[in-house]
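Visitor: From first to last, the protein sequence lines are chains L and B. In terms of the numbering used here, the first sequence has 210 at position 71, counting the first letter as 1, and numbering is strictly consecutive. In terms of the numbering used here, the second sequence has 38 at position 20, counting the first letter as 1, and numbering is strictly consecutive.
To be clear, the hints were calculated from the coordinates, so they are not data collected in a lab. Just to be clear, a hint being listed does not mean it is correct.
Each pair of labels, with its calculated beta carbon distance range [as the list claims (entries may be wrong)]:
#1 L:GLU199 x B:ALA78: 52 to 62 angstroms
#2 L:SER194 x B:ALA110: 16 to 26 angstroms
#3 B:ASP36 x L:ARG213: 25 to 35 angstroms
#4 B:ARG113 x L:GLY172: 13 to 23 angstroms
#5 L:PRO161 x B:ASP109: 15 to 25 angstroms
#6 L:GLY172 x B:ALA58: 49 to 59 angstroms
#7 B:PHE103 x L:PRO192: 19 to 29 angstroms
#8 L:PHE229 x B:PHE103: 22 to 32 angstroms
#9 L:GLU208 x B:ARG67: 30 to 40 angstroms
#10 B:ARG113 x L:VAL189: 21 to 31 angstroms
#11 B:GLN79 x L:PRO230: 48 to 58 angstroms
#12 L:PRO161 x B:ALA44: 43 to 53 angstroms
#13 B:ASP116 x L:LEU209: 24 to 34 angstroms
Cβ atoms here follow ideal geometry from the backbone N, Cα and C, with glycine treated the same way.
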Amino acid sequence: MSEKKERPSGATLRFERHLRHPPEKVWRALTEGPELERWFPALVEGEREVGAPLSFVTEEGVAEGRITELDPPRVLAYTWGDETLRWELFPAVGGCLLVLTTTARGNRQWDACVERTRNALGGRVPVARAA
Amino acid sequence: MLSTFDVVAEPNRRRILDLLRVESRAVGDLAIELQLAQPAVSKHLRVLRDAGLVTAEVDAQRRLYKLRPEPLRQLDAWVAPYRRFWSKNLDALERHLDAMPDDEPKKKGRRKAR
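Based on the provided sequences and hints, a complete structural model is requested.
Guide: Structural data, given as structure tokens:
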């Protein structure tokens with residue numbers, strides 16, 4: 140069952156925020172147009188249904204995506220261009236825990252860059268800890 | 019050859035890197051610490067060496083594996099803008115939630131975007 144083509148490699152980032160708001164409210168902020176407009180980095184258009192296509196409009200242009208998971212008010216996942224975003228809400232004392240998982244896709248140019256840098260001396264880039 | 023991402027994606031290799039971050043170790047020590055069979059650890063170390071993430075130094079009779087931080091720093095540098103981007107967006111989400119009323123305003127047709 141192995142595929143010949145190389146699968147893209149990428150990094151998964153995980154963010155956790157303890158929010159002082161109930162999951163249902165956070166869910167609205169994550170999914171409803173008028174709420175998203177107030178904080179989300181793109182204008183999101185599309186039906187809120189599993190499998191539904193989404194359009195993300197930013198200054199750079201329009202990117203396409205699709206809703207992959209929708210289980211209110213617990214899990215919301217969709218693709219945005221090359222990225223996958225998964226939002227999970229866990230009830231917690233005083234509100235909820237938000238976990239955002241996003242995969243940023245690497246590409247071959249990046250891998251080549253890492254290779255070159257690995258072989259070179261130096262690299263004074265500071266190590267940042269995960270958010 | 020595996021890319022740095024693929025190498026680091028494997029959980030046991032990440033655990034090895036975490037241990038080597040603290041101090042250089044021999045295969046046997048790593049195996050005990052991770053509760054893995056030594057051949058499995060050797061295999062992972064081979065992958066890590068090939069990717070330039072660890073080097074081996076001979077210390078008396080043993081071979082000690084040591085972390086090379088440069089590839090991880092580069093990985094981190096690549097990831098940093100994404101991390102900052104979403105961190106900022108989550109800050110904006112929190113600010114918006116603080117301003118947003120708790121009660122749901124009455125409206126119909128919530129399934130459409132706008």
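Visitor: Look at each hint and say if it fits the structure.
Guide: Hints, one by one, checked against the model:
For the pair GLU199 (chain L) and ALA78 (chain B), the beta carbons lie near 58 angstroms from each other, so the given range of 52 to 62 angstroms is met. Range check, SER194 (chain L) to ALA110 (chain B): about 20 angstroms between beta-carbon atoms, so the 16 to 26 angstroms window is met. At about 31 angstroms, the beta-carbon gap between ASP36 (chain B) and ARG213 (chain L) stays in the expected band of 25 to 35 angstroms. Checking the proposed 13 to 23 angstroms range against ARG113 (chain B) and GLY172 (chain L) shows it holds: the Cβ atoms sit about 18 angstroms from each other.
Between PRO161 (chain L) and ASP109 (chain B) the C-beta distance comes to about 20 angstroms, which sits within the given range of 15 to 25 angstroms. About 50 angstroms separates the C-beta atoms of GLY172 (chain L) and ALA58 (chain B), a value consistent with the hinted range of 49 to 59 angstroms. In this structure the supplied range 19 to 29 angstroms holds for PHE103 (chain B) paired with PRO192 (chain L), their Cβ-Cβ distance being about 23 angstroms. Evaluation of the 22 to 32 angstroms hint for PHE229 (chain L) and PHE103 (chain B) yields a pass: the beta carbon distance comes to about 23 angstroms.
Checked against the hint of 30 to 40 angstroms, the pair GLU208 (chain L) and ARG67 (chain B) passes, with Cβ atoms roughly 38 angstroms apart. About 30 angstroms separates the C-beta atoms of ARG113 (chain B) and VAL189 (chain L), a value consistent with the hinted range of 21 to 31 angstroms. Between GLN79 (chain B) and PRO230 (chain L) the CB atoms are about 55 angstroms apart, so this pair conforms to the stated range of 48 to 58 angstroms. Hint check: PRO161 (chain L) to ALA44 (chain B), Cβ distance near 52 angstroms, so the stated range 43 to 53 angstroms holds.
For the pair ASP116 (chain B) and LEU209 (chain L), the beta carbons lie near 26 angstroms from each other, so the given range of 24 to 34 angstroms is met.
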